[in-house]
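Chains as they are written, first to last, in full-length UniProt numbering: chain A, 1 to 264; chain B, 1 to 441.
Hints are computed from structural coordinates only; laboratory data are not their basis.
Glycine included, C-beta positions come from ideal geometry on N, C-alpha and C.
Honestly, I wouldn't trust all of these hints.
What the hints assert, rightly or not - Example chain B residues on the side facing chain A (calculated, C-beta under 7 Å, incomplete):
1. E84
2. T216
3. V218
4. S237
5. I274
6. C331
7. D334
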Amino acid sequence: MGEEEGLHQTPFLDTMFVRGLKRKCFDGEEDIEGTLAGIKAIPSYNLQRQSLLDMSLVKLQLCHMLVEPNLCRSVLIANTVRQIQEEMTQDGTWQMINTQSTGQASLDRLVSTDILCRSSRDQAEGKHVPAYGTFNKDFENDQAQDSSDTMSTASAVQAPRNLQSSVWEMENPQENKGNFQKSLDQIFETLENKSPNSVEDLFSEVDNSYYDLDTMLTGMMSNTKMGHCDSLETFSSSTNTASNSNCKSDLNDLDHIVEILVES
Amino acid sequence: MGEDTDTRKINHSFLRDHNYVTEVEFNHTGELLATGDKGGRVVIFQREPESKNEPYNQGEYNVYSTFQSHEPEFDYLKSLEIEEKINKIKWLPQQNAAHSLLSTNDKTIKLWKITERDKRPEGYNLKDEEGKLKDLSTVTSLQVPVLKPMDLMVEVTPRRIFANGHTYHVNSISVNSDCETYMSADDLRINLWHLAITDRSFNIVDIKPANMEDLTEVITASEFHPHHCNLFVYSSSKGSLRLCDMRASALCDKHSKLYEEPEDPSNRSFFSEIISSVSDVKFSHSGRYMLTRDYLTVKVWDLNMETKPVETYQVHDYLRSKLCSLYENDCIFDKFECAWNGSDSVIMTGAYNNFFRMFDRNTKRDVTLEASRESSKPRAILKPRRVCVGGKRRKDDISVDSLDFTKKILHTAWHPTENIIAIAATNNLYIFQDKVNSEMH
Numbered sequence: 001m002g003e004e005e006g007l008h009q010t011p012f013l014d015t016m017f018v019r020g021l022k023r024k025c026f027d028g029e030e031d032i033e034g035t036l037a038g039i040k041a042i043p044s045y046n047l048q049r050q051s052l053l054d055m056s057l058v059k060l061q062l063c064h065m066l067v068e069p070n071l072c073r074s075v076l077i078a079n080t081v082r083q084i085q086e087e088m089t090q091d092g093t094w095q096m097i098n099t100q101s102t103g104q105a106s107l108d109r110l111v112s113t114d115i116l117c118r119s120s121r122d123q124a125e126g127k128h129v130p131a132y133g134t135f136n137k138d139f140e141n142d143q144a145q146d147s148s149d150t151m152s153t154a155s156a157v158q159a160p161r162n163l164q165s166s167v168w169e170m171e172n173p174q175e176n177k178g179n180f181q182k183s184l185d186q187i188f189e190t191l192e193n194k195s196p197n198s199v200e201d202l203f204s205e206v207d208n209s210y211y212d213l214d215t216m217l218t219g220m221m222s223n224t225k226m227g228h229c230d231s232l233e234t235f236s237s238s239t240n241t242a243s244n245s246n247c248k249s250d251l252n253d254l255d256h257i258v259e260i261l262v263e264s
Numbered sequence: 001m002g003e004d005t006d007t008r009k010i011n012h013s014f015l016r017d018h019n020y021v022t023e024v025e026f027n028h029t030g031e032l033l034a035t036g037d038k039g040g041r042v043v044i045f046q047r048e049p050e051s052k053n054e055p056y057n058q059g060e061y062n063v064y065s066t067f068q069s070h071e072p073e074f075d076y077l078k079s080l081e082i083e084e085k086i087n088k089i090k091w092l093p094q095q096n097a098a099h100s101l102l103s104t105n106d107k108t109i110k111l112w113k114i115t116e117r118d119k120r121p122e123g124y125n126l127k128d129e130e131g132k133l134k135d136l137s138t139v140t141s142l143q144v145p146v147l148k149p150m151d152l153m154v155e156v157t158p159r160r161i162f163a164n165g166h167t168y169h170v171n172s173i174s175v176n177s178d179c180e181t182y183m184s185a186d187d188l189r190i191n192l193w194h195l196a197i198t199d200r201s202f203n204i205v206d207i208k209p210a211n212m213e214d215l216t217e218v219i220t221a222s223e224f225h226p227h228h229c230n231l232f233v234y235s236s237s238k239g240s241l242r243l244c245d246m247r248a249s250a251l252c253d254k255h256s257k258l259y260e261e262p263e264d265p266s267n268r269s270f271f272s273e274i275i276s277s278v279s280d281v282k283f284s285h286s287g288r289y290m291l292t293r294d295y296l297t298v299k300v301w302d303l304n305m306e307t308k309p310v311e312t313y314q315v316h317d318y319l320r321s322k323l324c325s326l327y328e329n330d331c332i333f334d335k336f337e338c339a340w341n342g343s344d345s346v347i348m349t350g351a352y353n354n355f356f357r358m359f360d361r362n363t364k365r366d367v368t369l370e371a372s373r374e375s376s377k378p379r380a381i382l383k384p385r386r387v388c389v390g391g392k393r394r395k396d397d398i399s400v401d402s403l404d405f406t407k408k409i410l411h412t413a414w415h416p417t418e419n420i421i422a423i424a425a426t427n428n429l430y431i432f433q434d435k436v437n438s439e440m441h
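The whole structure should be built from the sequences, with the hints applied where relevant.
Quick look at the structure:
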């Protein structure tokens, strides 16, 4: 109880959900959480939050393949994920600096913020971009198309949509095609380097391989991660075909990603 | 006499075993009740006229017509199925002997015309009674065909099909008070249609971001104002309402009024946004108020006050501590509807375990009732139910942990003038009538 007081968060009183997880992650967490003997019985806030994050990612990835996924649900889940990410960034959990008691919450936040502040402001936002490259596939599932079409017409001009005028228009498959081109362009954009330097900046200080599309799909994590690694691997829909290579510039990997997006 | 203060409902239940009821809607007089189901069918019930011989048979609803509104489709471009499930039904105001309604699935809206035929011509010269051509040599005299009465036949024909208007899933349709236009809303866009024109529509709201990665909010429901043909409201997944005036500009992306309640910091959690998402919005009959439903509450908004609702009612606050489980099993995304009674004094909404709730705005009293075969026999009076949250438990109380979350009442409708309600509980439809007319008005 004391752990959650300082956070102004509704405690996760529902233990039904975390029961299964406790068994898997408890060992991993024990080293870190060992000092908190008093609350060992209750999964820590961080563990719960991590579980929520993992569950949300699974929900986003497991879509009903026959029918279009519910966009409202996807958006709400994605927003929840972003909230968790932001909070984890703020209290430094992201860098595994501290996962202990939040009695020192404010001080820890100062430290973690300090570290983040070393990089540019854009880094925090930039970090979300590849993440949404992943979630984007859910939003764009409804515009999935043959991958070969996409590759050949990747440079096609987008179908013009006159949003601002009061034209009476009919939406048709033609526009859908244009939308898909556009959205795939977006995905490619986030995956490719806009400029090599900015990417270096993005990834130099902070280990956000968590957001790496490739990592997500393969369920692999870098060595610096501990604890919630296990839970991620448990939940992730691992496709072991993708290597750990940098998917940002490899066209073959893009092909593979498009395949996964299209779920052909 | 003590029963006068209780809400008495008499149960006429119609059982349909073969599909989930996904929409319930009374027409403007309440004579007809349309239901849509997951299989794309629409069933229309008609109220029997009250007969003085049987006072207890006060206007029961019987099946009037059944038709297949939508069929499953396959979008070859996207390799995805388009469900035939009926999302919304809206009646048009009756302008002649025929009735008309709009029904929609995820993509296509259809206008149906319902007509009655109770006469047919007889006595043709060239055809016999079965329609076969007569042998001309047997025709010796001419006759004039006459109209003879026949058994009532209800014919339903599709008059218009409004297709290809939506890339995303249609969640609401609303007929304008001008009776000429209607709007359809999907997750990101709202289109304005003319009832007679099917090959084009007018986009009036578009919240699709240029970059889909920036998408954080979707449209969840929308409705035209009941009296002002230029006003409509739409709700969002972030819990806000936007009132738009079509006179202001052609594209109503800029709202005229934004209704939003600031978040309560003490209640904040990772689920705050999800439970604030508005699942339904309904104007009051008077046009002065709006009713919204989010996951845990119903709220009444005054059109003149944008800062907060004027009334908030807890539907099932005992679920607040269960949000994590409800998120896991996806129940937190359930979209409940809400309804006003004819005089705007009582509001109703569904909940879990086949419970539905009613709130009297004047007396501030509320009641929980159950729609199920087990708990109510035909003509029985519904007994108020109670959910207990630990602590003292009275007899017949249900504990939170034994609630059945698969039995959800998402769709409810209230007769426009009388105390008759229609409740859709999974694949059953319940119609309840209030035998004591006084206290609820």
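Right, here's what the structure says about each hint:
The interface hint given for E84/B is violated, since its Cβ lies 11 Å from the closest Cβ of chain A, which is over the 7 Å cut-off. Restraint check, T216/B versus chain A: the minimum CB separation of about 6 Å is within 7 Å; hint holds. Satisfaction of the interface hint for V218/B is found here, the shortest Cβ-Cβ separation to chain A being roughly 5 Å, below the 7 Å cut-off. Look at S237/B: its Cβ gets to within about 5 Å of chain A, closer than 7 Å, so that hint holds up.
With its C-beta approaching chain A no nearer than about 5 Å, I274/B sits inside the 7 Å limit, and its interface hint holds. A least Cβ separation of about 12 Å between C331/B and chain A goes past the 7 Å threshold, and the interface hint is therefore violated. With a least beta-carbon distance of about 10 Å to chain A, the hint placing D334/B at the interface is violated under the 7 Å criterion.
Violated hints for the displayed structure, listed by number in ascending order: 1, 6, 7.
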